[in-house]
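Using the sequences plus the hints, can you model the full thing?
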Amino acid sequence: MAYKNLVIVESPSKAKTIEKYLGRNYKVVASLGHIRDLPKSKMGVDVENDYEPHYISIRGKGDTIKNLKKYAKKAERVYLASDPDREGEAIAWHVSHILGLDPKDKNRVTFNEITKDTVKNAFKEPRSIDMDLVDAQQARRIMDRLVGYSISPLLWKKVKKGLSAGRVQSIALKIIIDRENEIKAFKPEEYWTIDSQFKKGTYKFDASFYGLNGKKLALSNEDAAKDILQRIKPRANFDITKVTKRERKRFPQAPFTTSSLQQEAVRRLNFRTRKTMMVAQQLYEGINLGGRQGSVGLITYMRTDSTRVSHIARHEASEFLHANYGEEYAALKIRKTKNPEGAQDAHEAIRPSSVKRTPKSLEGVLNKDQMKLYKLVWSRFLASQMTPAILDTMAVTIEQNGVTYRANGSKMKFAGFTKVYDAPGNQDKKDNMLPDLVEGDHVKLVKNDPNQHFTQPPARYSEATLIKTLEENGVGRPSTYAPTIETIQRRYYVRLITKRFEPTELGEIVNKIIVEFFPDIVNIDFTAGLENDLDSIEEGKTKWIKVVDEFYQPFEKEVTSAESKIEKVQIKDELAGFNCDICGAPMVIKLGRYGKFYACSRFPDCRNTKAIVKEIGVVCPTCHKGQVVERKSKKNRIFYGCSRYPECDFVTWDKPVGRDCPKDGHYLVEKKIKGGKQVICPNGDYEEAVQK
Numbered sequence: 001m002a003y004k005n006l007v008i009v010e011s012p013s014k015a016k017t018i019e020k021y022l023g024r025n026y027k028v029v030a031s032l033g034h035i036r037d038l039p040k041s042k043m044g045v046d047v048e049n050d051y052e053p054h055y056i057s058i059r060g061k062g063d064t065i066k067n068l069k070k071y072a073k074k075a076e077r078v079y080l081a082s083d084p085d086r087e088g089e090a091i092a093w094h095v096s097h098i099l100g101l102d103p104k105d106k107n108r109v110t111f112n113e114i115t116k117d118t119v120k121n122a123f124k125e126p127r128s129i130d131m132d133l134v135d136a137q138q139a140r141r142i143m144d145r146l147v148g149y150s151i152s153p154l155l156w157k158k159v160k161k162g163l164s165a166g167r168v169q170s171i172a173l174k175i176i177i178d179r180e181n182e183i184k185a186f187k188p189e190e191y192w193t194i195d196s197q198f199k200k201g202t203y204k205f206d207a208s209f210y211g212l213n214g215k216k217l218a219l220s221n222e223d224a225a226k227d228i229l230q231r232i233k234p235r236a237n238f239d240i241t242k243v244t245k246r247e248r249k250r251f252p253q254a255p256f257t258t259s260s261l262q263q264e265a266v267r268r269l270n271f272r273t274r275k276t277m278m279v280a281q282q283l284y285e286g287i288n289l290g291g292r293q294g295s296v297g298l299i300t301y302m303r304t305d306s307t308r309v310s311h312i313a314r315h316e317a318s319e320f321l322h323a324n325y326g327e328e329y330a331a332l333k334i335r336k337t338k339n340p341e342g343a344q345d346a347h348e349a350i351r352p353s354s355v356k357r358t359p360k361s362l363e364g365v366l367n368k369d370q371m372k373l374y375k376l377v378w379s380r381f382l383a384s385q386m387t388p389a390i391l392d393t394m395a396v397t398i399e400q401n402g403v404t405y406r407a408n409g410s411k412m413k414f415a416g417f418t419k420v421y422d423a424p425g426n427q428d429k430k431d432n433m434l435p436d437l438v439e440g441d442h443v444k445l446v447k448n449d450p451n452q453h454f455t456q457p458p459a460r461y462s463e464a465t466l467i468k469t470l471e472e473n474g475v476g477r478p479s480t481y482a483p484t485i486e487t488i489q490r491r492y493y494v495r496l497i498t499k500r501f502e503p504t505e506l507g508e509i510v511n512k513i514i515v516e517f518f519p520d521i522v523n524i525d526f527t528a529g530l531e532n533d534l535d536s537i538e539e540g541k542t543k544w545i546k547v548v549d550e551f552y553q554p555f556e557k558e559v560t561s562a563e564s565k566i567e568k569v570q571i572k573d574e575l576a577g578f579n580c581d582i583c584g585a586p587m588v589i590k591l592g593r594y595g596k597f598y599a600c601s602r603f604p605d606c607r608n609t610k611a612i613v614k615e616i617g618v619v620c621p622t623c624h625k626g627q628v629v630e631r632k633s634k635k636n637r638i639f640y641g642c643s644r645y646p647e648c649d650f651v652t653w654d655k656p657v658g659r660d661c662p663k664d665g666h667y668l669v670e671k672k673i674k675g676g677k678q679v680i681c682p683n684g685d686y687e688e689a690v691q692k
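Heads up: the sequence shown begins at 1 in the UniProt record's numbering, then just goes up one per residue.
Check before you lean on any hint, since a few could be wrong.
[Unchecked claim] Below, in silico cross-link-like pairs of lysine to aspartate or glutamate (EDC-like), each with a Cα-Cα straight-line distance of 20 Å or less:
#, residue 1, residue 2
1, 590, 605
2, 216, 227
3, 596, 502
4, 66, 50
5, 419, 392
6, 565, 520
Don't read these hints as lab results, they were simulated from the structure.
Listed below in structure tokens is the structure:
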């Protein structure tokens with residue numbers, strides 16, 4: 001088919017969506033991401049010649065480059081329409097180099113959402129490639145290469161092969177290890193609470209001990225709690241000494257940024273960060289809605305640190321709210337939200353390309369994961385344009401003989417934005433109202449419930465809290481969070497256990513070396529400062545060579561010093577306690593890239609290896625010979641199987657408990673549920689009480 005214009009984007013799905021909008025004079029093809037990069041086999045940066053990068057065509061991209069050149073030769077004009085960020089600008093620049101285009105030509109097209117009007121309007125105003133954006137991306141790539149290809153060989157030489165170090169990943173690892181050290185050093189402290197029940201007439205309500213004579217008092221031990229209880233006269237009335245009633249407003253959150261979307265998808269949808277970005281990319285690039293609509297981009301660009309929303313989107317949301325919820329739910333004036341410190345504000349917040357395209361209207365079109373994420377984005381954005389929720393609250397102070405209790409109650413007066421979107425845990429909360437009380441009223445004590453507690457150590461980081469911490473400290477940018485988290489897991493520096501990061505022995509060894517010999521790399525302020533320097537390059541205020549040079553000169557001295565000072569780390573093999581079943585030599589426990597495993601001590605003469613599995617003390621319910629062992633899937637999820645595999649193929653996600661169902665004789669399993677664990681029969685005919 002004849003065409004005048006060639007448009008080059010990154011992905012085939014994006015190409016398909018855009019080609020539909022542009023018509024027959026345009027052919028849209030995909031570069032499939034980057035086509036040039038620094039070589040893997042060497043540094044690829046000439047530090048003696050202004051850090052000149054040596055780019056080569058990426059292996060395996062030969063056919064793609066050949067096709068791009070063939071299509072470009074036939075076209076009168078070539079447009080570069082990769083994503084609207086530093087990475088996308090760099091891809092456009094590399095493609096222009098491969099095709100021999102002039103970067104100063106106005107052939108660069110960007111759009112924040114892939115909808116017909118937005119795409120067509122973008123092609124009316126093409127621009128030249130923004131070299132400031134390219135230079136910012138290039139500076140990041142070169143600094144990361146200088147760090148990785150300087151420290152990694154040291155780690156190979158001094159620790160073991162296959163290790164790596166990077167700027168942002170080293171900070172993330174240190175944050176996780178610092179938290180682990182806090183947990184190890186934590187000393188729990190005892191404290192007590194007294195939760196009580198009171199009644200006025202027949203109406204019962206809960207209150208908690210506050211203090212003595214109106215002053216807050218902490219109960220540090222059982223004796224302190226008993227002293228309070230002895231002061232109370234059980235049959236005497238308690239006095240209501242203070243009642244405060246007021247109306248409280250709860251305001252909606254801002255629409256999503258990349259970071260807040262990743263965090264919320266972890267909490268609400270149980271999505272890993274990588275999965276969130278993959279599904280968001282699908283929604284942005286276009287989903288085939290069928291019929292005349294064809295392929296449509298459903299959300300705006302998903303790599304952003306801004307909460308800004310266009311006037312057009314605000315107006316459409318207001319119209320939608322008036323038509324579907326009523327004018328009382330549409331905010332007349334949207335609260336101003338502050339972008340995170342250091343935000344580039346290059347793009348809008350993540351929002352639906354049209355709020356009129358409701359999740360319900362897309363049922364049967366989106367797959368399960370796409371629907372979950374789209375619904376999250378759609379409802380968060382719509383809620384951000386709504387009025388606040390209004391609650392009637394009541395706070396009561398209750399006293400007798402100097403002992404002070406406090407009770408709080410609330411009732412939803414107007415749902416506001418919560419009709420569409422509410423914080424996790426709040427959706428199912430019922431109104432917690434107190435009886436109609438006034439100062440001077442008397443109430444009766446029904447019961448006291450003193451409880452012992454211990455202070456808890458800080459929690460290990462989840463994906464959500466790690467991203468939040470990196471963002472709060474100005475480390476990394478929207479596009480870096482997912483690959484950073486993936487890298488430290490892939491290198492086996494950390495493990496994700498019950499959705500929380502725990503450092504491995506290997507991670508602690510690497511962190512110790514980097515902290516001691518490369519302190520700037522793991523200095524949060526230093527790394528955040530580099531991010532600001534990269535932003536400055538993007539804004540055209542600073543030259544990239546200057547930023548790289550100021551970073552590299554002191555770093556190079558640290559590398560030279562470290563080469564002579566780092567002592568070789570011996571990761572000793574532990575004896576496994578049994579012999580190799582092939583040659584009879586002792587088996588040892590080795591530390592590999594993916595964790596510990598059993599290996600023959602005669603390696604490489606004998607290459608026998610075995611996975612380390614944990615027995616749970618239950619005989620296999622299928623073959624009745626082997627033991628049930630705990631294993632891990634490729635995605636690090638725990639499952640249970642027979643130790644005699646592959647002779648016995650018993651496998652289950654839930655932990656067998658070693659008992660049979662009294663109803664049908666099927667083996668029972670322990671299932672984790674909200675609030676604890678429960679023993680059930682997988683056939684669904686039997687279940688036991690929940691164990692908290």
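Problem - Given pair status - residue 50, residue 66, alpha carbons within 20 Å - result: Roughly 31 Å between the alpha carbons, so the hint for residue 66 and residue 50 is violated.
Handout entry: Hint consistency between residue 216 and residue 227 [alpha-carbon to alpha-carbon, up to 20 Å]
Key = 15 Å, holds
Handout entry: Agreement of residue 596 and residue 502 with the hint, judged by alpha carbon distance not exceeding 20 Å
Key = 15 Å, holds
Problem - Given pair status - residue 605, residue 590, alpha carbons within 20 Å - result: 16 Å, holds
Practice task
Quickly compare the C-alpha distance for residue 419 and residue 392 to 20 Å and report which way the hint goes.
Solution key: 17 Å, holds
Handout entry: Distance restraint between residue 565 and residue 520, which requires alpha-carbon spacing of 20 Å or less
Key = 17 Å, holds
In summary, the structure is inconsistent with hint 4 from the numbered list given earlier, while agreeing with all the others.
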